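J.: Residue numbers (this note's numbering), protein chains in the order written: chain A, 1483 to 1942; chain B, 257 to 683.
None of these hints come from the bench; they were simulated from the model.
Check the hints yourself; a few may be wrong.
In silico lysine-lysine, PhoX-like type, Cα no more than 25 angstroms apart, as pairs [what the hints assert, rightly or not]:
| hint | chain 1 | residue 1 | chain 2 | residue 2 |
| --- | --- | --- | --- | --- |
| 1 | A | Lys-1745 | B | Lys-677 |
| 2 | B | Lys-281 | A | Lys-1752 |
| 3 | A | Lys-1841 | B | Lys-267 |
| 4 | A | Lys-1835 | B | Lys-271 |
| 5 | A | Lys-1752 | A | Lys-1835 |
Taking beta-carbon pairs under 10 angstroms as the criterion, some of the chain B residues facing chain A (in silico) [stated by the list, open to error]:
| hint | residue |
| --- | --- |
| 6 | Glu-277 |
| 7 | Ala-287 |
| 8 | Val-482 |
| 9 | Thr-486 |
| 10 | Tyr-489 |
| 11 | Phe-530 |
| 12 | Leu-600 |
| 13 | Phe-640 |
| 14 | Asp-644 |
| 15 | Leu-661 |
| 16 | Ala-663 |
| 17 | Ile-671 |
Listed next, the stretches of chain B that the computed footprint assigns to chain A, with coverage defined by at least 3 CB atoms under 8 angstroms from CB atoms of chain A [said to hold, decoys possible]:
| hint | stretch |
| --- | --- |
| 18 | 299-306 |
| 19 | 502-508 |
| 20 | 521-528 |
| 21 | 540-553 |
| 22 | 647-659 |
Small disclaimer: the values here were computed from a predicted structure and weren't measured.
Cβ atoms here follow ideal geometry from the backbone N, Cα and C, with glycine treated the same way.
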Amino acid sequence: MEQLALFFALIFLIILGYILGKGRAVALSGHAYHPLHSRLPYYGLYTAIWCGLPSLLLMAGWMAFEPAIAEAIVSSKLSASNQDLTSDQITLYVNDVINLASGGIISREVNSDLQAATDSYIFFRQTSYFAMAVVAISLSLAGLFSSLKTINPDLRARNKVEKIISIVMMVCSTIAILTTVGIVFSLIFETLRFFNKVPLSEFLFGLHWSPQTALREDQIGGSGSFGAVPLFAGTMLITFISMIVAVPVGLMSAIYMSEYAGKKFRAFAKPLLEILAGIPTVVYGFFAALTVAPFFRNSGELFGLSVSSESALAAGMVMGIMIIPFISSLSDDVMNSVPQSLRDASYAMGATKSETITKVILPAALPGIVGAVLLAMSRAIGETMIVVMAAGLAANLTANPLEAVTTVTVQIVTLLVGDQEFDSAKTLAAFALGLLLFIVTLAMNVVALKVVRKYREKYD
Amino acid sequence: MELNPPLEIDKALLKRRNAAETRFKLYGLAAVLTAVLVLGLLLTSIISKGYTAFEQTYILLDVRLDQATIDPKGTGRQEDLAAASYRGILRDALREQFPEAESRNEKRSLYGLVGSAAEYDLRNAVLQNPKLVGTTATIAIKASDDVDSYIKGFISRDVVQADRKVKDQELGWLDTLEADDRIITKFNVDFFTQADSREPEEAGILGAVIGSLYTLAITLALCFPVGVLTAIYLEEFAPRNRWTDIIEVNINNLAAVPSIVFGLLGLAIFLNFFGLPRSAPIVGGMVLALMTLPTIIIASRAALKAVPPSIREAALGMGASRMQTVFHHVFPLAMPGILTGTILGMAQALGETAPLLMIGMVAFIADIPGSINDAATVLPVQIFLWADSPERGFVEKTSAAIMVLLAFLVVMNAIAVLLRKRFERRW
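Looking at chain B on its own, in the form it has when it is part of the complex (with noise of 0.2 angstroms):
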């Protein structure tokens, strides 16, 4: 007699769980990829759109550098040089280069085709190399910003005329001009060197990037020390009571107020009420140092907290205050985790740009800023202005704009992590 029958299995039944599990591990799997696949599409289309930004368009022209017309006196000092009128040079190369263009209009789309302040290339050109008075050179002028987007192939041949910002004449002359490899592209130096500007060919990010590190330079400076003794406070001194669960409570709910609101804030406390100048560096720093102050205070607290009690009690043991506790042992243990908090949270800073649209940093500002009191704009502020231009050269200006502020947030993780690596302890 069998004690125990053969226990009966349903085959079918186990086929339908192991074919629910499979399924089931795989739309985790699908999930994972969905949101990895989707990274790689972000940073596909703005590398796409973006890498030609970091070349211009130049149209090699010969340029006749009259003695008369440059410099009549013949001193050759740079400021007499600096004075002529290089436009009108200018013009007449093009105009040699094309005597077919006669109307006014014709004459207008040819001026057209290189950019508004190719004049001062011209310039920048004969102020480096004066010997080029008096004779014929050629020199690399920049073109437009509609030719360089018809050279890097955005502006197709194809489309109708009245819907094509290059018209079909100056598609003529421009294919003369790659006919007789006149047209050649550069790096892009402009990019990096200049500041905003109306013009797409014109516009840089050296103004925005130094606006952005002005405002970072408030921010740290006012959010480090605070969101660290805070921390301090918080983790080593603060007696438990009402009050320091108040302000407990208080951090971790200003940690997810949405970032306008701290705009608002500033817009109605540090503009209207203290009268601190609009558009400037030290506005916009105090905004995001009250908006990263409780992620510094978070990150500080968990490192300090990572600090073995034994430490505090072998420091107390010898006779150390607390203070002397706390500032000589605990805090120097908790430095490197302090530090990559704090990183992450000025590389989020560093990414915000609604709080800065409310406190007036979306100004067009065509100069460099020199000082915190000066009205400036911010990198992710530029993406936003170029982002909302109509030109198409400033799509890849955008694009490329953005490549260099993730580039920038790159380096920071990265340092954040690394200082993770080496530095912390596991206890």
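In isolation and in its complexed conformation, chain A is listed as follows (with noise of 0.2 angstroms):
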């Protein structure tokens, strides 16, 4: 609540720079003998901006870098004062120390200690949220001062805010590279930190995944195998099953929609299609866990098949269900793109709608779809929730759609969500997972633009 009123105090000094600035003006403008080089609001967002941009940048960093200063402050008082406590040890009471200053549950009992630790990071955080915002406004108001101070009749306002602003946009348009250079970083070295515990040819080449380590020395726990095999063989045949309900279900709507359907159908059917688009993957995965699973078990049993309550069938079928209008709106643009002359020299030969279709339109698509099928295909990779909530958990190595797989996002989510030490093989395995299949999703993503861009160079 702090910071918004420090917030809004910033909001009102800037928006009474702005009127300062512009008053400024118009008051030399009144008796300047030559006229001023800008136009008013100018001066008035040339104050604004050396009012308010130093002390919000500076907020911005204070909100980003000061709870992990505070926090390292805390832990160095504490390894200086217990040289015997152990680096994990140390975390969780930081953590503790954390907890209890914002009221939380905490896993110790209050002492004095633990009370006074508490005292003093809570000390601090007053202390340099007050010292920052001491600077943030006397920023802003010598901000305020010094640009009302710098206006005069010549004074080139415009230039120097459009400067201003070109160097904002240039910013923002970095934030996507900087996202990107993220991504990379951060899980390439909780990657590297996994891979100096487990060896990358296991991690690749493994038959066996089971990623429960043992906590303690006595206890019986997994062997902690990090064999990723499974997993891919699971994401397989999931995505697979997907393709195989997606891709002529999608494709072949949207032939019909584009070649076949009237205006009316189509207004009708094209919404319905973004609808299913539109759906959160969180209802489809609801869906398949509790409708379509049983469905497919009850089923099963008629036919005294044993179906997993978690098989991949169901999974794979409402994955696909999902995919559906990504195809057929994709494939639709590529179709639409084929020139109306080679439609109209295959019907000039004689030839029917659906031979113009399979004989001409779609060899001509072809790359096209593909590409498009690729995007799709990196889509069902990714995509998390339909397998949380309907494929299993078990690692089995198997092509038997009746049984239960699982796959590289669900164990993502298994391994990461719940509290864990953050340093163990078990959770940087989880950043291994989603370093693969970053570069999986962006390799397919990148061979599947470039094969649609390619195309269509071909025909424009």
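Since each chain comes alone in its own frame, lean on the hints to assemble the complex.
T.: Pasting the structure below:
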């Protein structure tokens, strides 16, 4: 709440700056012997920017780094006073301090040491906050007065404001790059730490996946083996099933919608397909787990088949349904960009509509359709909620769609949801899987986009 | 002599080809209808499972509200009324209704007919109407989730007792109550005004809705300005060079990165590196903003591109600077398209679950979040959590929460369509 108050104070100062700057320009233009360089609002903006930008940047930086610094101070104090603590114990202790400070639940009894540490933590945070607030407000006021002072009829206010705006725009456009860099670095660092504990060859070629490791020596836990082949196989199986559903249905509906359907039918069916695309994946997951999977299990019983209640078939089918609109809209685009002259030529030779489609349009659009299917596959591979809710957790190496399999995304979620120590091979494995997922989907995407672009150039 | 002999038409071939044509057309129709049918199936299954959650079963009990037990001093003040033990009063009322329950187990199952928080209902009834004290009032008490499920017909009497959540004896009591017209159903207000709970009959979605609102507010505040400025820069100002090429390729690729990877990014950078609070809407909003950014940039660029160059040339010709041209003329004209793209991006962010699981928004939170730094959950994650709960009562809650989520999405999409229809100009 204090932060909000400071924020509104700054907003108030910015508005004040705008009004004062503009007012000063008005006053100058009144008795100056030559007119102002820029239009009036630019003087206001000029003052407002100098008043707001530095202090807002300071505030953002403080909000980003202050919690980490406060934590570091607590832990450095702690390790100075108790040398015999391991780093894990210190982390736990610091967590307790932070939780106690925010009034949360903590894992140990509150003794005087902990209370003292917490008090000093709270004191540090409050002091640093007030110091930051004072600096921010004074920066703001300093910016306000110094920019007001520089306003004169010759000040090229518009050029200065435009310069700042263009810098802001450039910074914004690099955020996309920073995001990618952030993804790559965060994944790579954790993955490297993972491969310090588990060899790369075991991860890529091992046939056994059971990430549960014993926490204590005397505990009977899993062996902690990290062979990810069953996960790849499970992911491939579910993706394959979803493609079997999505490609024919998506492609045929695209053909029907663009070549056969009348205006009325299109106006009715197209929005429905768009609804299918807009349904959140968690809803599909619920549908798969509670409606489709029991249906398959019961109908399997009817034929004497044992179908797992978390069968790959149910998850794959529902994922296929989710992807239908994706494939249909992409291939619709692709087929629409096949030149009319090809169609006309085919009709002139006496071909029927279906012959034209299957023998002329589809072959011509094939690269684009392949691209669309690749994009859809990368989507299916990265899809999380449907498989988390409807596919299993056990890593079976099987090609039988009636059995339960697990996927890369399911394992990432199960490894990272809940409280874990952050340095175990178990949590780091999730980042290795994430990196793999990122690389595979990125590669498929790049190839798909390249194929589509190349094909487009051919007919443009 | 005939120059052109009459064309021999192979009737059989023609018939085959026409049949193939019809078949092909039918395949296409079947494909579209399959998709539509599945959509219908999905919606019916959710609505049929979920509509009952909007009603809640209540049991009308004659509760003796003795002055001596509730307010022995007779002050009539709210604090004194609130401090009384309503659990005991409620149990007395149940025992009075069914004096045959004598053993410990029987009494326990008798008390189990009403919800775990039923005593608070009673307390609120008394607080609202203090005149009830000293009388025997008939008060509607919320039934437990099992009774609720039975009354709604989800628990069949035909199942053997061991597999049934409502035992024979409880069925007998419920039959008596029903015969007395003591079982009523009311609109379930609590579903919309309470946060999550372990008890299905007490669980509501307000906490998740508020969490979603906070999260989306952060997302919008971050990704709208950044996305629009990026789009304007790339479309109107950026020089065509390698750097802008890299940015463009990058944005296209980010749009296809699986959402869970953004969750990993949030976990590694926002939580572990910057030490921001776990489960908080501020982190969730930042992660979703990064995820939605490409959508908004791509939509905004398309909208800017659709503004004809003549507008720019006219403005430049009147002596406007490039910045003035863009911000005074091009941007306002592209605004409807940009807003449509933004709303669609927000709808996507509203339905997103996976990245939020990574940053700990799956915790069980029984409070309504009060700020962007409080632990919170969002609507889709709430659905995920309830879908995982074993109690029968949560199935209908899950479906009902899905209906609420879909309603939000429909409204957002409708606004987007309306914007497009109302304001978009074709040049």
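J.: For every hint, state whether the structure bears it out.
T.: Each hint tested on the structure:
1. Annotation: proposed proximity of Lys-1745(A) to Lys-677(B) holds, straight-line Cα distance about 18 angstroms (limit 25 angstroms).
2. A hinted pair counts as satisfied when its Cα atoms are at most 25 angstroms apart, and Lys-281(B) with Lys-1752(A) qualifies at roughly 17 angstroms.
3. Proximity of Lys-1841(A) to Lys-267(B) is assessed by CA-CA distance (about 22 angstroms); at most 25 angstroms being required, the pair is judged to hold.
4. A hinted pair counts as satisfied when its Cα atoms are at most 25 angstroms apart, and Lys-1835(A) with Lys-271(B) qualifies at roughly 14 angstroms.
5. For the hint pairing Lys-1752(A) with Lys-1835(A), the CA-to-CA distance comes to about 22 angstroms; that is within 25 angstroms, so the pair holds.
6. Contact between Glu-277(B) and chain A, as hinted, is supported at the beta carbon level, the nearest pair being about 5 angstroms apart and thus within 10 angstroms.
7. Contact between Ala-287(B) and chain A, as hinted, is supported at the beta carbon level, the nearest pair being about 3 angstroms apart and thus within 10 angstroms.
8. Satisfaction of the interface hint for Val-482(B) is found here, the shortest Cβ-Cβ separation to chain A being roughly 5 angstroms, below the 10 angstroms cut-off.
9. Restraint check, Thr-486(B) versus chain A: the minimum CB separation of about 4 angstroms is within 10 angstroms; hint holds.
10. For Tyr-489(B), the interface hint holds, the least distance from its beta-carbon to any beta-carbon of chain A being 4 angstroms, beneath 10 angstroms.
11. Against a cut-off of 10 angstroms between C-beta atoms, the interface hint on Phe-530(B) holds, since the closest Cβ of chain A lies about 5 angstroms away.
12. Contact between Leu-600(B) and chain A, as hinted, is supported at the beta carbon level, the nearest pair being about 8 angstroms apart and thus within 10 angstroms.
13. A hinted interface residue such as Phe-640(B) counts as satisfied when its beta carbon comes closer than 10 angstroms to some beta carbon of chain A; here the least separation is about 5 angstroms, so the hint holds.
14. Given the 10 angstroms rule on beta carbons, the hint for Asp-644(B) holds: about 8 angstroms separates it from the nearest Cβ of chain A.
15. Checking Leu-661(B) against chain A: minimum C-beta separation of about 7 angstroms stays under 10 angstroms; hint holds.
16. Because the closest C-beta pair between Ala-663(B) and chain A is about 12 angstroms apart, greater than 10 angstroms, the hint is violated.
17. The interface hint given for Ile-671(B) is violated, since its Cβ lies 13 angstroms from the closest Cβ of chain A, which is over the 10 angstroms cut-off.
18. Counting residues of the stretch 299-306 of chain B whose CB lies closer than 8 angstroms to any CB of chain A gives 3, so the stated coverage by that chain holds, three being the minimum.
19. Using a Cβ-Cβ cut-off of 8 angstroms, 5 residues of the stretch 502-508 of chain B lie near chain A, which meets the minimum of three, so the contact claim holds.
20. For the stretch 521-528 of chain B, the assignment as covered by chain A holds, since 5 residues bring a beta-carbon within under 8 angstroms of that chain's beta-carbons and 3 suffice.
21. Only residues whose C-beta sits within less than 8 angstroms of a C-beta in chain A count toward coverage, and the stretch 540-553 of chain B has 4 of them, enough to reach three; the restraint holds.
22. For the stretch 647-659 of chain B, the assignment as covered by chain A holds, since 4 residues bring a beta-carbon within under 8 angstroms of that chain's beta-carbons and 3 suffice.
Of the numbered hints given earlier, the model fails hints 16, 17; all others are met.
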